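J.: Line by line, the protein sequences give chains A and B. The first sequence begins at 75 in the numbering used here and counts up by one. The second sequence begins at 18 in the numbering used here and counts up by one.
If you are wondering where the hints come from, they were derived from the structure by calculation, not from laboratory data. Model, not experiment: these values are computed from the prediction. Just so it is clear, CB atoms sit at the ideal spot from N, CA and C, and this is done for glycine as well. Some clues are possibly wrong.
Restraint ranges, calculated between C-beta atoms of paired labels, are given here [unchecked claim]:
id, chain 1, residue 1, chain 2, residue 2, range
1, A, Pro86, B, Pro98, 18 to 28 Å
2, B, Asn47, A, Ser101, 38 to 48 Å
3, A, Ser101, B, Glu31, 21 to 31 Å
4, A, Ser128, B, Thr37, 16 to 26 Å
5, B, Glu79, A, Pro86, 33 to 43 Å
6, A, Pro86, B, Ala89, 42 to 52 Å
7, A, Leu120, B, Glu100, 27 to 37 Å
8, A, Ile157, B, Glu31, 38 to 48 Å
Residues per chain are reported as follows:
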Amino acid sequence: AQSVTQLDSQVPVFEEAPVELRCNYSSSVSVYLFWYVQYPNQGLQLLLKYLSGSTLVKGINGFEAEFNKSQTSFHLRKPSVHISDTAEYFCAVSDPGGSYIPTFGRGTSLIVHP
Amino acid sequence: DAGVIQSPRHEVTEMGQEVTLRCKPISGHNSLFWYRQTMMRGLELLIYFNNNVPIDDSGMPEDRFSAKMPNASFSTLKIQPSEPRDSAVYFCASRTGGPLAFFGQGTRLTVV
Chain A
75 AQSVTQLDSQ VPVFEEAPVE LRCNYSSSVS VYLFWYVQYP NQGLQLLLKY LSGSTLVKGI
135 NGFEAEFNKS QTSFHLRKPS VHISDTAEYF CAVSDPGGSY IPTFGRGTSL IVHP
Chain B
18 DAGVIQSPRH EVTEMGQEVT LRCKPISGHN SLFWYRQTMM RGLELLIYFN NNVPIDDSGM
78 PEDRFSAKMP NASFSTLKIQ PSEPRDSAVY FCASRTGGPL AFFGQGTRLT VV
């Protein structure tokens, strides 16, 4: 079974600073990778996805992520964060052997301070 | 499209009562998932339907939990009897044949 590790449970950062949220997954087979964002009392909204092709994936709200197969990582980055980026961020993986069912990490709480 | 619709958004019930959570997937989607989110365990898959048929229910915690999908546009998750440890946010998600799942707003269940 797949597993996803989000190395940081909480990341505090000041507004306009860059941020990286780390994600590693367990499988070495071909996988699909996702980042979702959850604002307080909201559902999960897709930020970006990697299905194939370029390893650098751009998403909404200025976020991007880089797929690194050798490191089995899919870290999320933003060059300059805003207060409104404060939310919970979830990395997820799905693979053909698992019927493409998304498996989620525990989440990283991004806290942006003014 | 209105997206995945869950109801109710919030539910407070007493221990021992029956609770039914509802989900309307996105029209045309043929797979549906129920997830539970808690602080302790994060997002856990409870059950997965494909074409209205339960494919994997290994995540259902115990016999008190049951899920149905009588047609392509409706699913329920029932807890009977409910217990305080069932308090969580329950999410429904749907998708077409591809890997991308779309999530509802969730139902926050509190069992007192």
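J.: Does each hint fit the structure? Answer for all of them.
T.: To see whether the hints hold, each was checked on the structure:
no.	hint	result
1	A/Pro86 with B/Pro98: 18 to 28 Å	violated (41 Å)
2	B/Asn47 with A/Ser101: 38 to 48 Å	violated (25 Å)
3	A/Ser101 with B/Glu31: 21 to 31 Å	violated (43 Å)
4	A/Ser128 with B/Thr37: 16 to 26 Å	violated (45 Å)
5	B/Glu79 with A/Pro86: 33 to 43 Å	holds (38 Å)
6	A/Pro86 with B/Ala89: 42 to 52 Å	holds (44 Å)
7	A/Leu120 with B/Glu100: 27 to 37 Å	holds (33 Å)
8	A/Ile157 with B/Glu31: 38 to 48 Å	holds (39 Å)
The earlier numbered hints that this structure contradicts are 1, 2, 3 and 4.
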